[in-house]
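Q: Residues per chain, in single letters:
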Amino acid sequence: MARLTLSGLTKSFGGLDVVKAVDLEVTDGELVCLLGPSGSGKSTILRMIGGFEVPSGGAIRIDGEDVTAVPPERRPTGMVFQSHALWSHMDVFANIAFGLKLRHLSRAEIRSKVEAVLELVGLAGYGSRRVWQLSGGQQQRVAIARSLVLEPKILLLDEPFASLDQHLRERLREEVRDIQQRLGITTLFVTHGQDEALALADRIVVLKDGAIEQTDRPSALYRRPATRFVAGFIGHMNLVPTAFQAGRSTRPEFALAVEVSDGPAEIAFRPEATGVRPAQGAGHALVYRVTDFGTHLTLDLDLEDGTRIKAHGAGSIAWAPGQRVEVTPAEVLLYRDGVLLSTEPRTAAAAA
Amino acid sequence: MTDAVTTAPVRMSIQRRGLTGLLLVLFPVGLLGWLILYPILNALVTTLTLRTDQGLVLSLDSYASFFSDPYSLNNLALTFWTTAVCAVLLLVICLPIALYLRFSRGPLSAYVQALAIFPLFVPSVILAYALIRTLGPNGLVDILLNAAGLPKLPSPYLTPWGPVIGLVWDNIPLTVLMLTAGLGQVSDNAVEAARDAGARPRHLLLHIILPQIINALLVALAFAVLGIFSSFTLPYVLGPASPEMMGPYMQRTFADLMQPRMAITQAVITFAICAVFGAFYVRSVIRSREVR
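Those sequence lines, one after another, are chains A and B.
With the first letter of the first sequence counted as 1, position 16 gets the number 16 in the working numbering; the numbers rise by one all the way through.
With the first letter of the second sequence counted as 1, position 156 gets the number 1156 in the working numbering; the numbers rise by one all the way through.
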């Protein structure tokens, strides 16, 4: 177990800042997900922690010790790559034992450690297999075992399940979470999959253009995204442009009263927190598309001004494209200039 | 009944496609037979038979003559020595260059690559005369040493080291290109994973990189060895008159001594030795495909 501290971590490639003064504290045994779109700098941060990239500025500390200039082979970190990066000329046992041999452990000790870690990742008895004889999921387990066997202080996972199919990905991420909790190892996990981050992480760090947008627990991040970007990136968020005058929304469909200065803003609400019912009169939205996901129905709705929003519809109602509906959003958030307004809307009801 | 009706046209279509494929490869295969297989068979028949009053009889006398002649054996030994020394030098010179080209990130690598490939564009005979002008008696090196007031160095020109220098220089581009291509199969992540496990540069080379490029290494060396063993121009211009490498020896036996049967025997022996290296190459290719 270990504590990881990033202070003002910066990385530039050819004059372009891809990581901008990132500050982050990861506590003992915590699993933190770095989440962001492609090019947000999440893998670069992980590679700097692993020692594969030299930071342009800032410092990396593990248990208070500055490791910024320490090469990867002497860092107390273990990295699992997206491509598995197994050595095809070695069998499974040799892949896992490689690091232990370099540490001059006895043969008996190596055997016992490798067998224990193979058992841990559910591959007991696979030691003599060639890596190309394994499935993608098994290969990734070997890669995880290869890192874990060296008992690193910090485990770094760089989109480890990106090349696997959905079912396998879900199963493996649960297994990784179990192993991480059992060993209590401090872990940093890079992903661009929000589901993966929400399912795995103790905390999520959302990155955009090399800078941290928000760091919080998954539930807090989902319920109160601090910026418009986070709101749109984590799950689906309906964002409806409006303006406020004398503390009231000028939008007729959403009569909100908020203590806020006059000016433009965006009303935000989740599809699952949006009530929809067939309109008694003219209604204020038109059903554009109905999609049945099995677990729920998603309705794509067009508001009067053409803004398209999503809502979950009751399965008991026969929804049809072109149908007029009334929309009642709940748990409404308000954004101005891309930032969440701390003021809570007093009411969030659709206009009658 | 229905099955028979529906599968018959499919079978005919497959047969027609197979025939088209065969026709497509017929010309290159025919050319291969005419230009390569026929001369080999012809050479074997010529050297293994003797025309007597009783007609054509099987005879190993030309091979017996070659292997009992100390001069021929010395020439063969020199050819082996030159090939082995060149192969070792090529490995020692080209592997570091290829490693640098594969793993360096700076702009300098483009210049190094251009420099390593440069000999590819220099004809062997030009190279030979350039080496004579540089390393030969009263060449550039001698002039510079003399200007500095230093004694002359023994020149490699007309010694076994003359062809070695020329052949190594000549084979650097192909060997570097093939090794760089082989190193391309070693992913950055594979190297980084090894460093992550604690591997230092020496461990990386011995345990991760070399085992993964062993087939590329064998292929590169097989190609170099095949070319060097049967080389002619550089040994002819730079090498000693006696003993001499098999290439110039064959030419002299054929044109100066006018012994075509003996020259063909030397060619068959050279070919047989090269075929062994060729078999190494084929085995390496098959093994790398099996792993893939």
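For the record, the hints were derived by calculation from the structure and aren't laboratory data.
None of the values given here were measured: they were computed from a predicted structure.
Don't be surprised by glycine CBs; every beta carbon is placed ideally from N, CA and C.
Among the hints, a few may not be true.
Stated by the list, open to error - Quick partial rundown of chain A residues pointing at chain B, CB under 8 Å, derived from the structure:
(1) F52
(2) V54
(3) S56
(4) G58
(5) R61
(6) E73
(7) G78
(8) F81
(9) W87
(10) F93
(11) L102
(12) G122
(13) R146
(14) H284
Q: Now, for every hint given, state plainly whether the structure supports it.
A: So, going through the hints one by one against the coordinates:
1. At a threshold of 8 Å, the smallest CB-CB gap from F52/A to chain B is about 5 Å, leaving the interface hint in force.
2. Violation of the interface hint for V54/A is found here, the shortest Cβ-Cβ separation to chain B being roughly 12 Å, above the 8 Å cut-off.
3. At its closest, the beta carbon of S56/A sits 15 Å from a beta carbon of chain B; the interface hint therefore is violated under the 8 Å criterion.
4. At its closest, the beta carbon of G58/A sits 21 Å from a beta carbon of chain B; the interface hint therefore is violated under the 8 Å criterion.
5. With a cut of 8 Å, the hint placing R61/A at the interface with chain B is violated, because the nearest CB-to-CB distance is about 19 Å.
6. Annotation: interface hint on E73/A holds; nearest CB of chain B at approximately 5 Å, less than 8 Å.
7. A least Cβ separation of about 6 Å between G78/A and chain B falls short of the 8 Å threshold, and the interface hint therefore holds.
8. Because the closest C-beta pair between F81/A and chain B is about 4 Å apart, less than 8 Å, the hint holds.
9. The restraint placing W87/A at the interface with chain B holds, with a minimum CB-CB distance near 6 Å, inside the 8 Å limit.
10. Given the 8 Å rule on beta carbons, the hint for F93/A is violated: about 14 Å separates it from the nearest Cβ of chain B.
11. At about 4 Å, the closest approach between the beta carbon of L102/A and any beta carbon in chain B falls short of 8 Å, and the interface hint on this residue holds.
12. Annotation: G122/A was flagged as interfacial toward chain B, and the flag is violated, the nearest CB pair being 21 Å apart, outside 8 Å.
13. A hinted interface residue such as R146/A counts as satisfied when its beta carbon comes closer than 8 Å to some beta carbon of chain B; here the least separation is about 7 Å, so the hint holds.
14. Hint on H284/A is violated. Least Cβ distance to chain B is approximately 53 Å, over the 8 Å limit.
The structure does not agree with the numbered hints 2, 3, 4, 5, 10, 12, 14 stated previously, though it agrees with the rest.
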